[in-house]
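Student: One letter stands for each residue in the lines below.
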Amino acid sequence: MTESPLTTPVVFLLGPVPVTLPVVVTWGLMAAMTLGSALAARRLRVERPGAVQTVLELVVETLRRQIAETMQTDATPFLPLLGTLFLYLAVANLSGLVPGLKAPTAFLETAAALALVVVLASQALGIRRRGLWPYLKGFAHPTPLLLPLNILSELTRAFSLSIRLFGNVMSGEFVIAIVLSLAGLFVPVPLMALEALLGLVQAYIFTILAAVFIGGAVGTIEKG
Amino acid sequence: MHIDGWTLLLQAINFLILVWLLRRFLYRPVLAVIAERQATTERVRSEAEAARQAAEATRRSLEDQRTALPAERDRLIAAARAEAETERDVLLEKARVEADHALEEARKRLSDERAQALEALQRHAVDLGTQLATRLLRDAPAGSLTRSLLDEACAAVEALSGDQRHALVDGIDPVPVRLAMAAPLRESDTARTRERLAAAFGRPVALEPAEDPSLIAGVELHFAHSVVRRSWKQTLAEAREEMTRHDSARNTADAVA
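Keeping their order, the protein sequence lines are chains A and B.
Per UniProt numbering, the very first residue in the first sequence carries number 1; after that it's consecutive.
Per UniProt numbering, the very first residue in the second sequence carries number 1; after that it's consecutive.
Keep in mind that the hints are not guaranteed to be accurate.
Covered, in the sense of this in silico footprint (three residues per stretch, anywhere, with C-beta under 8 Å from a C-beta of chain A), are these stretches of chain B [what the hints assert, rightly or not]: (1) 7-19; (2) 33-45; (3) 185-193.
By construction, these hints were calculated from the structure, which means they are not laboratory data.
Please read all numbers here as calculations on a predicted model, not as lab measurements.
Note that beta-carbon positions come from the ideal geometry of N, C-alpha and C, so glycine has one too.
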């Protein structure tokens, strides 16, 4: 591994648009997740569900319950966004363990894009739920003197989200690559297991923080 | 460090597309199945709850019925007792009326029997008195008394009106008259009697004397259709009849009282 982990390799050019590696991997993950979901949800039954359906329902219900507990409200309207965020992050983080693949979240652009989506979604949902003026007035709470700090807080949230995710995933993969280059085939296995755990933890943290931000924006919980 | 704007934009778009895809192919069908199962479960639970409530209502109803059984039993017993009391009162009243009636009848019968016994006793006493008087009078001399009573008998015939006298006899001549007497009379007395009767009837009289000691004293003139009695036997009989009638009236008055 000679290239810098901070660079984003271009796979091909689509006209003037450079299609980079994380985009291509994400497309593959999207296709796999969509196809898997479509196949798994093809024959859903109300009575006596199969093992695959049971796992699907368990995952979806767990995500909904976790989001509801975090946001203190009905999680169904937020489930597609936040549930997809967790599933994509988990799959993307774990994809780095597949030989020959590099996790899309190990690139700052992917983490930043997800953080940007979360921040924009929280603003949009907050305005839609509370109205434009009451939502904007929330930035001057508890005193107008804190207006700049509150706005700065919104921006730093996106920054912290993206940097935390990018840093953890990228560093893990980087360490595994270094150990692999120094010690051989089986030595990095414990580190890979740790990286898998870290990937799931990071997905959970990112999703929960997104739920907290959106919950604060729509007013179901106290703004953090 | 360099951030590729195209990559950032494409990844954001990719994520939003993935959100739409998973919503379409994962969340919507899975949530629909879960909702349908929850609805089914809720329906089954509601039916079970309804069945439980029905069972509870049935149990409560049975419990109420079981609780009401002693009260119903007491009510029936009380009603039966009241009915028995009423029936007993009716029977007692009926028995009392019957007893009063029987008592009244017994009293009446007793009173009647007593009156009859008393009457029999009185009759017996009268008979005894009559027999005693008869015995005493039989021992007395009856000749003069018989003549005196014969005069009374003749006087009685003479006192009758003509029609009454004709009613005593048939148109046979001489008029047959049987003269019953307690003691034998003298021939002169018999002849005088024949003459007085012939005078009274205006026709000759065939007098047939006969002695009848049962008359005690006195005579009896037996005509064809009637008898004129003037004897102590007749007097005692009338006295006994009068005493008996008098005692019977008094006993009846006592019984009514």
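Student: Each hint: holds or not?
Tutor: Structure-based check of each hint:
1. Closer than 8 Å: that is the beta-carbon criterion, and the stretch 7-19 of chain B has 12 residues meeting it against chain A, so the requirement of 3 holds.
2. Interface restraint, the stretch 33-45 of chain B with chain A: holds (5 residues with C-beta to C-beta distance below 8 Å; minimum three).
3. Note: the stretch 185-193 of chain B has 0 residues with beta-carbon separation from chain A under 8 Å; the three-residue rule is not met and the coverage is violated.
Checked against the numbered hints above, the structure violates only hint 3.
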